[in-house]
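Since chain W is already given, all that's left is putting chain L on it; use the hints.
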Amino acid sequence: MITQTVTTVQRTPAENMRIGLFIPCYIDLVYPEVGIATLQLLERFGLNVGYPLNQTCCGQPMSNSGDEKNAQPAEHLFVENFKEFDCIVGPAGSCVKQVRCHFDRLEQTEEVKHVRQHTYELVEFLHDILKVDSFPWAEFHHSVAIHNSCSSLRGLGIASTSEVMQPPFNKTASLLSKVKGIVVVPIDRPDDCCGFGGTFCVTDEAVSARMGLEKAHDQARHGAEYVVSPDMSCLMHQQGVAKRAGLDLKYIHVAQVLNGGPY
Amino acid sequence: MTTARQVDPAAAAELFIIQDQIHEPMHDRFLWATMQRRHAEAAAIPEWEELREIASKIKEHTLTHLDHYLEEFEANDALPSTAGNQGYRVGFGGANPTIGRAATEPHRVPLDSQDATGRGPFVRPHHWHRSEQ
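Protein chains in written order, with this note's numbering: chain W, 96 to 358; chain L, 790 to 922.
Chain W on its own, in the form it takes in the complex (with noise of 0.2 Å):
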């Protein structure tokens, strides 16, 4: 007899899918909430989610900066580590997004290939695949300021952008308007870069800083107490920036409010 131990919302194809779960280097060292809270929410549909233990930087930073001869070792080693598995999930844009969008030095081999097209990023993988529709576990009372990043936007296209021309939409907007208690507002320029930009914020100190302070202010003038983000890196600039500039914001990952925590 099998018992059911996790609580699932609904049979979907992807119940039969091997996961392999892709922690990016610096949520691991940083944030290993998100990592926790990511693993915890894909076992809550009943996934099978695998971890390999072998598996390191995919090779983005190296990779904007240009440097693509020493980027290739890491994405090769990231195909070797992956190419078993069926959907590859991340709960980062930018790293999903060079996966998907920059393995171009790689050969192309059918393993590359498969690798690059199953890679998602966790917002599209729960919107696209597992097309969920609630999140019955999770409540989250406080004013939420959604920030998608750059390459989630441009890149992974999680939501449309104000330059296109198109239909608005917003994935995670969408997932996180099913988690009761959620109060989502809107600020001015919620598709403006924050400045983060991997290396450019070592690189451009001066304009990096006041591009995210601009943000921070944008999210505090609006009213949020929480700004989330299905990319904790410019989080991480954002949380920098608004603590220095004394500014009383809390900043989380979507995963941790999608699973209810961890906080």
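Treat the hints with care, since some could be wrong.
Said to hold, decoys possible - Think about it this way: if two alpha-carbon atoms lie no more than 20 Å apart in a straight line, the pair counts; the simulated EDC-like pairs of lysine to aspartate or glutamate are: (1) Lys345(W) <-> Glu234(W); (2) Lys273(W) <-> Asp313(W); (3) Lys848(L) <-> Glu258(W); (4) Lys275(W) <-> Asp228(W); (5) Lys345(W) <-> Glu128(W); (6) Lys846(L) <-> Glu258(W).
To be verified - Taking beta-carbon pairs under 10 Å as the criterion, some of the chain W residues facing chain L (in silico): (7) Glu219; (8) Gln261; (9) Arg284; (10) Asp287; (11) Asp299; (12) Ala301; (13) Val302; (14) Arg305.
No lab work stands behind these hints, which were simulated from the structure alone.
Small disclaimer: the values here were computed from a predicted structure and weren't measured.
C-beta atoms are modelled at their ideal positions from N, C-alpha and C, and glycine is treated no differently.
Quick look at chain L alone, frame taken from chain W:
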């Protein structure tokens, strides 16, 4: 030997930001207003994205075949080529920029040529982002 002044964009931007509380916010306001006007105009044209896609393909084609078009441009231009020179001249509104012939030249040419033309400093970013992160 070149005496060209190279600009450090990050340092220049920092000076611009910290100089006062007026210039950067004004710059931001104007740029934002320009974007809003652009979006309003674009939204008023139903086939905007289709037109933009066509324009994008024209740009990509032109850049891909730039060598051909530059030579055609040179052949049709009234100014004669400068014999014996590594580069050659075309009449870019009297600016007469030199165009590098060899693959190694394009990076050096703008720095060298600006002294001759007397035009302002050539800004070459210290890093080239292939994409945002």
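Hint-by-hint comparison with the structure:
| no. | hint | result |
| --- | --- | --- |
| 1 | Lys345(W) <-> Glu234(W) | 17 Å, holds |
| 2 | Lys273(W) <-> Asp313(W) | 24 Å, violated |
| 3 | Lys848(L) <-> Glu258(W) | 19 Å, holds |
| 4 | Lys275(W) <-> Asp228(W) | 12 Å, holds |
| 5 | Lys345(W) <-> Glu128(W) | 15 Å, holds |
| 6 | Lys846(L) <-> Glu258(W) | 18 Å, holds |
| 7 | Glu219 | 18 Å, violated |
| 8 | Gln261 | 7 Å, holds |
| 9 | Arg284 | 8 Å, holds |
| 10 | Asp287 | 9 Å, holds |
| 11 | Asp299 | 5 Å, holds |
| 12 | Ala301 | 4 Å, holds |
| 13 | Val302 | 5 Å, holds |
| 14 | Arg305 | 5 Å, holds |
Consistency with the previously given hints fails for numbers 2 and 7, ordered from lowest to highest.
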